[in-house]
Amino acid sequence: MNAPEEKQGLRIYDESRHNGSGHNESRKAILLSSYGTGAQNGKNLGVPGYSHDIVMQLYAPLLESWGEVIPVSDPWTNLESAIVDARKRGLDPVHLSVIPCQDAYLSPNVPNVLMPAWEFPDIPDHEFNSNPQNDWTKVASMCDALIVSGPFTSDAFRKSGVEVPIHHVQVPTPEGYDELPTWQADHVRSIDCSAYSFQFEEQETVAIPFPIVAPHRKRKGPIKKAGRKIEQATRGLLRSVVNENLYRKISDRLKRSKKANILPVDFEVESLDLSGVVYTSIFNPKDGRKNWQDLITSFLVALGDKEDATLVVKLVTSDPLALAKFIAFYRGRDIDHRCRVVITSQYLTDQQLVQLTDASTYYIQTTKAEGNCLPLMNFLAGGKPGVSPCHSAISDYFDNEVGFIAESNPEPAAWPHDPYLRTRSTWGRLVWTSMVEQIRESYKVAKEYPETYAEISERSREKMTDWAGPENVQARLIGALEDVYENRAKAQQRRHENEAWIPNEGLKRAA
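In this text, residue positions in the sequence shown follow our numbering: the first is 6, and each later residue adds one.
Take these hints with a grain of salt, some might be off.
[Stated by the list, open to error] DSSO-like mimics (lysine-lysine), calculated; alpha carbons at most 27 Å apart, straight line:
1) K468 with K311
2) K449 with K468
3) K311 with K330
4) K495 with K449
5) K468 with K452
6) K495 with K164
7) K33 with K495
8) K330 with K291
9) K93 with K495
10) K449 with K311
[Claimed, not checked] FRET-style restraints, in silico, Cβ to Cβ:
11) T457 with R32: 11 to 21 Å
12) P269 with R493: 58 to 68 Å
13) P156 with Y490: 51 to 61 Å
14) E446 with E312: 16 to 26 Å
15) T457 with G293: 27 to 37 Å
16) F272 with Y425: 37 to 47 Å
17) Q189 with E132: 48 to 58 Å
18) K452 with K495: 50 to 60 Å
19) G484 with D341: 54 to 64 Å
Hints were generated in silico from the structure; no laboratory data involved.
Nothing here was measured: the structure is a model prediction, and the numbers come from that model.
Positions of the beta carbon are idealized from the N, C-alpha and C atoms, including for glycine.
Using the sequences and the hints, build the whole thing.
Have a look at this one:
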């Protein structure tokens, strides 16, 4: 758990640093809990739970008009103390948890509202891996209400027999996207971002040795472990005898030397200049749902002969090995192409992400399952149509009015937190040939039918304003919380009648 941080005026609650002071005129308070990865501040991107912290930060400003927002660092440790503190200050708190059921902490002392993002048509309905909270039906039934993104997720809970109130409240799109201009054929944009850029003439491609093998992590033996300890001790000694600036220069040079061993530095660029028809995809390469292998091959086959077509892949990871493996897969396909492929794992600020959206013509993905797909939502809000399958929670808002749909079919799948990966549900298996066709069709529309593209762009913008515009989301969110307050007594009686409710004992935190 990272140290608590402060951002945009929100006070992070941590019992160890609370001094008992403060006053708020509002009687209501929202105790907002999540994983605490720091992802909303650019830290630990790609680690488990990072996207939930980003979602929490997007909700927080919308809640401030309703009550005092108190983000809670590590609810398993600090929530009960936060409840006591809030009541001492005359506040009437409700707990809003942006954490999946298997990891959520539910307090018997306040109303609990869970906000699970879910990408499968079935929710876990039994205990496994020695964690009773893996039975989502029981955890959900202990709550006062659920807040989900749309019909797909609520249908999954209802199908399992969950009867608590379920409210549809989407994740709001951030500021800046709805102000972007419609893409034009002469669109040229530059982003201050390092990346690996690949573009070859067809006759040159054959002569380039594409296949490279990324190094594999090997189990550290006693010698390697000792070497690692010596390296750490040397770094500590170095830091103690040189000034900070010199230490950073030496450390950066060491990092670059390691990076050069596994990455094709000859193709690295310091600025990302984009023009032509640009397709962008943003994802964590370690997430098995993303199916990025089909993204690479379908794009190269569909538009490999188009010099003005570009695929931008923004990888959400800080692991150079993950980046190297991704590049190795792309180069290892040995597919001749004259289109451009750009790959970056650099952290992008909110402003840079808006700039990347502005530079793009389409958002593209070959994912197998999504609980929200925030990048697609943001791009649609910016008037950038999608090229994507339409399944899981994507189907709540994506259709052929706002993009190009690649066919997909259900195939057996496992819940992602099941260590045994048993096939208990399904996800969407992409029809690869359909993806190729839709990429080609989208390119044709952008190049030959600018009026049609502009119409799709405007429909995308309008649909996402209605679906996830901050004002509309805020109204739904506050309406859901008001309903929770009005029905607290009824929910409390239901909890006490539920045999599964055993405060602080019936719930077990995942290891």
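Hint by hint, here is what the structure shows:
1. K468 with K311: 31 Å, violated
2. K449 with K468: 23 Å, holds
3. K311 with K330: 26 Å, holds
4. K495 with K449: 57 Å, violated
5. K468 with K452: 24 Å, holds
6. K495 with K164: Judged against 27 Å, a Cα distance of about 23 Å means the pair holds.
7. K33 with K495: Given pair K33, K495 holds - Cα atoms ~19 Å apart, limit 27 Å.
8. K330 with K291: 10 Å, holds
9. K93 with K495: Roughly 25 Å separates the two Cα atoms, so the pair holds.
10. K449 with K311: Given that 27 Å is the threshold and the Cα spacing comes to 11 Å, the pair holds.
11. T457 with R32: 11 to 21 Å: 53 Å, violated
12. P269 with R493: 58 to 68 Å: For R493 against P269, whose Cβ atoms are near 59 Å apart, the range 58 to 68 Å holds.
13. P156 with Y490: 51 to 61 Å: 25 Å, violated
14. E446 with E312: 16 to 26 Å: Given a distance of about 19 Å, which is inside 16 to 26 Å, the answer is holds.
15. T457 with G293: 27 to 37 Å: 35 Å, holds
16. F272 with Y425: 37 to 47 Å: 40 Å, holds
17. Q189 with E132: 48 to 58 Å: With a Cβ separation near 55 Å, Q189 and E132 satisfy 48 to 58 Å, so the hint holds.
18. K452 with K495: 50 to 60 Å: Given a distance of about 59 Å, which is inside 50 to 60 Å, the answer is holds.
19. G484 with D341: 54 to 64 Å: 55 Å, holds
Violated hints, listed in ascending order, are 1, 4, 11, 13; each of the other numbered hints is respected by the structure.
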